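Could you build all of it, start to finish, from the sequences and the hints given here?
4 protein chains.
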Amino acid sequence: MIVVMKQSATEEQISRVVKHLLDLGFDPYRSTGKVQTILAAIGERPFDKNDLELFDGVQEVVRISLPYKLASRNSKPENTVIKVKDIELGGSGIAITVRVVASNSFHQVEQIYTRLAQEGVKLATVTLSEKQPSEKQLKEYRAVADSLGLLLVARPKSLQEVAKACHYCDILEVGTLSNRLFLEEASKADKPLIVSRLPSMSIEEVLVLAESVLSLGIEKVIICEQGVRMLDPLIAQSLDISAITAIKRLSHLPVFADPCAAMGRRDRVAPMALAAAVGGVDGLVFDILASNEQYGTPQALTFTQFLELLQQLRLIVSAIGRRLL
Amino acid sequence: MIVVMKQSATEEQISRVVKHLLDLGFDPYRSTGKVQTILAAIGERPFDKNDLELFDGVQEVVRISLPYKLASRNSKPENTVIKVKDIELGGSGIAITVRVVASNSFHQVEQIYTRLAQEGVKLATVTLSEKQPSEKQLKEYRAVADSLGLLLVARPKSLQEVAKACHYCDILEVGTLSNRLFLEEASKADKPLIVSRLPSMSIEEVLVLAESVLSLGIEKVIICEQGVRMLDPLIAQSLDISAITAIKRLSHLPVFADPCAAMGRRDRVAPMALAAAVGGVDGLVFDILASNEQYGTPQALTFTQFLELLQQLRLIVSAIGRRLL
Amino acid sequence: MIVVMKQSATEEQISRVVKHLLDLGFDPYRSTGKVQTILAAIGERPFDKNDLELFDGVQEVVRISLPYKLASRNSKPENTVIKVKDIELGGSGIAITVRVVASNSFHQVEQIYTRLAQEGVKLATVTLSEKQPSEKQLKEYRAVADSLGLLLVARPKSLQEVAKACHYCDILEVGTLSNRLFLEEASKADKPLIVSRLPSMSIEEVLVLAESVLSLGIEKVIICEQGVRMLDPLIAQSLDISAITAIKRLSHLPVFADPCAAMGRRDRVAPMALAAAVGGVDGLVFDILASNEQYGTPQALTFTQFLELLQQLRLIVSAIGRRLL
Amino acid sequence: MIVVMKQSATEEQISRVVKHLLDLGFDPYRSTGKVQTILAAIGERPFDKNDLELFDGVQEVVRISLPYKLASRNSKPENTVIKVKDIELGGSGIAITVRVVASNSFHQVEQIYTRLAQEGVKLATVTLSEKQPSEKQLKEYRAVADSLGLLLVARPKSLQEVAKACHYCDILEVGTLSNRLFLEEASKADKPLIVSRLPSMSIEEVLVLAESVLSLGIEKVIICEQGVRMLDPLIAQSLDISAITAIKRLSHLPVFADPCAAMGRRDRVAPMALAAAVGGVDGLVFDILASNEQYGTPQALTFTQFLELLQQLRLIVSAIGRRLL
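Protein chains in written order, with this note's numbering: chain A, 1 to 325; chain B, 1 to 325; chain C, 1 to 325; chain D, 1 to 325.
The set of hints was computed from the structure by calculation and includes no laboratory data. Wrong hints could be hidden among the right ones.
Cross-link-like lysine-lysine pairs, in silico, BS3-like; alpha carbons within 30 Å at most [claimed, not checked]:
1. B:Lys34 - C:Lys139
2. A:Lys34 - D:Lys248
3. D:Lys157 - B:Lys69
4. C:Lys19 - B:Lys6
5. A:Lys19 - D:Lys6
6. C:Lys139 - C:Lys157
7. A:Lys34 - D:Lys6
8. A:Lys49 - D:Lys157
9. A:Lys49 - D:Lys188
10. A:Lys157 - A:Lys83
11. D:Lys34 - D:Lys69
12. A:Lys139 - A:Lys191
Covered by chain B, per the in silico footprint, the following chain C stretches (three or more residues, Cβ under 8 Å) [claimed, not checked]:
13. 28 to 37
14. 40 to 46
15. 57 to 64
16. 199 to 213
17. 221 to 233
All of these numbers come straight from a predicted model, not from anything done at the bench. Beta carbons: idealized from backbone N, C-alpha and C, even for Gly.
In structure tokens, the structure reads:
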């Protein structure tokens, strides 16, 4: 880190900071210019910026090592490609993931899965909890998925469901349940893990979360952008395209986006999904309605809307030299 | 507007609000439910929401008529297409506009204009003021533009320059100079006017600004999105793709975007320009460097970067059934 | 709610919305003006604003009943006063709550508690988990608290700790652990509950959280303001004085503020604590250091700083006709 | 500034940055640690952070000298006190400034000024432009002010009015008219200048604006906080108490606050005015109504509200060892 001392800092104040840096295990270099002194301490020991800034005579402390190493593109310049069965995530393909919402009928879901598979879709999300599938249903989902060549993504909503999710599904998604216990439980299964940037998280916070997963030994981590609150009174929330480009620049991990969750209304999903596709995402997650006459999930696309959007996406990503998975 | 009275509102409080609405020229309808009373006053008389909310017994006042009429898609569902010479803005084409920055040499600019015209670019921006072109230079610009079939866009920086800009250029741009005097001066020339959403303006504010131009009788108004400050500490500012889609939804006016101004750094321009293109813009404005070895305009693309981006844009917009102008 | 139809809405579109409102159990009133139609549906049935806005012909849906009833000042105009033993929270007194941080020594904490009690402080927070006090220590805390007339506040960090917290402490604090299971567990004990507005929560969200606690039958709810992220690059986070005044206006519940957590640095706590006091809070929570030579908790005040601030607070709140508890 | 090079930066990339720093006139020091290299260039030459960050191999550029020198507390640790006639602004007193709104009657204003003077108020704001006072009226204002011992503050709204404002008034206020020409014109008169932080300005931006005034030789500069847009949907705008404390910490200049402009509604002014007072302001600006039955200025206090608030403020500031002017 760099400690910038005030112009008015005394020699004694500087010495006290130097001593503290030595205590922390740093080997600080002191540079005194005409105006002020700076102390450079390069290395990776933990420190608290605020603690240091509270020393008398300190103007500002600047952190220069990133709080995420394994996740950063500095440490690994090339994109991480995650292979699940014969599907490569984070490569040249953009993975379409579909979650069928508001259906109680496994048969209905099965029919939709079949049509999705015909359209070339490779990933489907099974939500655990709330209307959670029973063990019997999970077996059925698994059988259908296998017959269609679909990968199953699970969103467990409690610690108890993780083992079951790992058993029947191919990829795990961490939603709001991103605590240490959950991550440790999930890490046992060696399944790819999707960590979501919730609206309340900064870009750095989701990268630090990804780092904590990587440091548990799970190398297959995907980041999923879920939208942010916007400042404009006319836009409550939106997918953040600039965040997608920033995360791709800062990290080698695959990045997904969830335009349905982000936009909250089906009539606003399509242009943002296209924008995310050209903005660099490696996957797109969509909620679709089991039938057109449903209320309560305004973010979910009708099947017709989904097919139209899929067609547009196919053209768009082909124009940038990628393809849909 | 709708006045929602508190549950605890007395008859006397309700009467006082009704009387005030009548004084304002409204013809309010009163609806009293089991829980509370609402007063609906449909119409377009001016009122101050805060004034009304300060009446005793009022819970909330909800404005239901938009503060922009002429600019709204409610009043005109189809897109406005602005024809300048033989070029149509706001139609199926996406207009590329280029501003050559940091050059003192007219000859250098002329060479670049020629190359731009070869690439099919149709609009070029001439900045007035600061290093402002003299009358003689403007004549030269005009001659070159005419010979190449370019439209000239002017950004006058003072009231004094408006007449000159109108004389030599085809389109005027209102930047920070959006006051009444400027707009009135500009309205005399019957030239298309670009109004910018500056980072400090909300979506509604730029629509109200467009409305004020339309109400002066200038029908050819283009809105230009210039980027917003972002909440994330890692992204100081960004082009706001969701604002572009929102303005297109709310208004029939053509919308341009300026990804260079919005992003501030040339290495961040390309993905956001592509995202804006699929997000629905009718024009894109780019700063380009007169030569590669320049400092002080980090937002400007090198000519090579610009050509590469142009190629990508051409493929992308063709995939969505549009084309570059 | 009010459904504002577009000017262009057809009779058929209006009928379809009316039918849907009837299906939802509303008894909508239709008002058609010269410009447009509005539908007013007063009542408290649940509905999804986005669902309704997706109907063809709808311009906007405005919710007019608040999503929190029990917590709202509409339903209970006078302040709620919560009596715990002989101490009244939410009345004319402002309760000072202290948490001693970074100490492993019960003896050290005991000494500080004794000095706090001499200063008239009535509430002390015991953190459970991480360096969690054992059952034996909790007994000791309880004994000391009883001998000094202190109330103990507990911040359990897992569901497992709730029962223990209820047994030994007087008030429970819900931090990040605000899920349904936790609230149900906590509701069994009939202890006052502090719900925090975390930086990611809007004002309405914390009121809805308070509502969910009230609806479980716990009437003794306190809201604690913990600070928000700020837009200005120079201020990462801050206590939000305007939120305090807004919550006091909208709700009858007592409001506490935690300026240490909100500001993150001890040198910035004092003026914001004073501002919160005159802004209407009913309690202030402070972290204090067990000894002056500690790092890692830059938000915690030294004991000397705390005493000085206490003295200032005493003068300030006396000037507004309140007193410190 | 500090240039932090990437871990992967090559010697050639480092050399190119060093050369550029030398070209800019810096004398950079290079420090190469185990992980990465940093270049420290202490001094005050102008540079563009983005330009530097665009060099290959650069991870981040950190500015360490503030973009405002004269305005900073680093350069002048003690508070600046501005003496106007016998009144000291920025000292131990907090100056109450009043603007009477929405009155066409000079006689009415005169009566109010007389009552204000009886209450000890020392500053009154005269708005120029819109309903601008004529030269004759300004003379009358001046005469009344002199007879009552009031200082007059002028808010000219065009360049043309500056000279007149300087002639008849004691203090000038820069509102939205903060351009160079205006500041140069104002600087001729050697009157104290109030620069406002408009809602669209960051803290650093208002300090840079104050710097530009100081660098014109006007030493008597006051900063006025006007409120910011808030993120919470329930609070459109608010006075920013943390900004007040931040500006006082960063700068030696007196800071005023305008809670009426900031809050926009008279019923929300009082608690924020009290909070600003204990937060460290040196002056408070209030709009007051000429008569109670006025609409269109919901931010203005009634005279009765103002007197009550004045009474509360007097008690509060006395509790923190200050007094009202």
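Legend entry - Hint consistency between lysine 157 of chain A and lysine 83 of chain A [alpha-carbon to alpha-carbon, up to 30 Å]: holds (25 Å)
Inset, instruction - Compare the distance between the alpha carbons of lysine 34 of chain B and lysine 139 of chain C with 30 Å, and conclude whether the hinted pair is satisfied. - result: violated (53 Å)
Inset, instruction - Quick one: see if chain B covers the stretch 28 to 37 of chain C, three-plus residues with Cβ-Cβ under 8 Å. - result: holds (count 6)
Legend entry - Restraint check for lysine 157 of chain D with lysine 69 of chain B, where alpha carbons must lie at most 30 Å apart: With Cα atoms ~29 Å apart, lysine 157 of chain D and lysine 69 of chain B stay inside 30 Å; holds.
Legend entry - Given coverage of the stretch 57 to 64 of chain C by chain B, tested with a Cβ cutoff of 8 Å and a minimum of 3 residues: Three-residue rule met by the stretch 57 to 64 of chain C, so holds; n is 4.
Inset, instruction - Sort out whether lysine 69 of chain D lies within 30 Å of lysine 34 of chain D, counting only the CA atoms. - result: violated (35 Å)
Legend entry - Claimed coverage, the stretch 199 to 213 of chain C by chain B - three or more beta carbons nearer than 8 Å: Coverage by chain B is violated here, the residue count being 0 at a Cβ distance below 8 Å.
Inset, instruction - Count residues of the stretch 40 to 46 of chain C with a Cβ under 8 Å from any Cβ of chain B, then say if the count reaches three. - result: Result for this restraint: holds, n = 4.
Inset, instruction - Mind checking the alpha carbons of lysine 139 of chain C and lysine 157 of chain C for me, to see if they're no more than 30 Å apart? - result: This hinted pair holds, its Cα atoms lying about 19 Å apart.
Legend entry - Satisfaction of hint between lysine 157 of chain D and lysine 49 of chain A, Cα-Cα up to 30 Å: violated (45 Å)
Inset, instruction - Take a quick look at whether lysine 139 of chain A and lysine 191 of chain A sit within 30 Å of each other, Cα to Cα. - result: Answer holds: lysine 139 of chain A to lysine 191 of chain A is near 18 Å, not above 30 Å.
Legend entry - Distance restraint between lysine 34 of chain A and lysine 248 of chain D, which requires alpha-carbon spacing of 30 Å or less: holds (26 Å)
Hint check: violations occur at hints 1, 8, 9, 11, 16; the rest are consistent with the structure.
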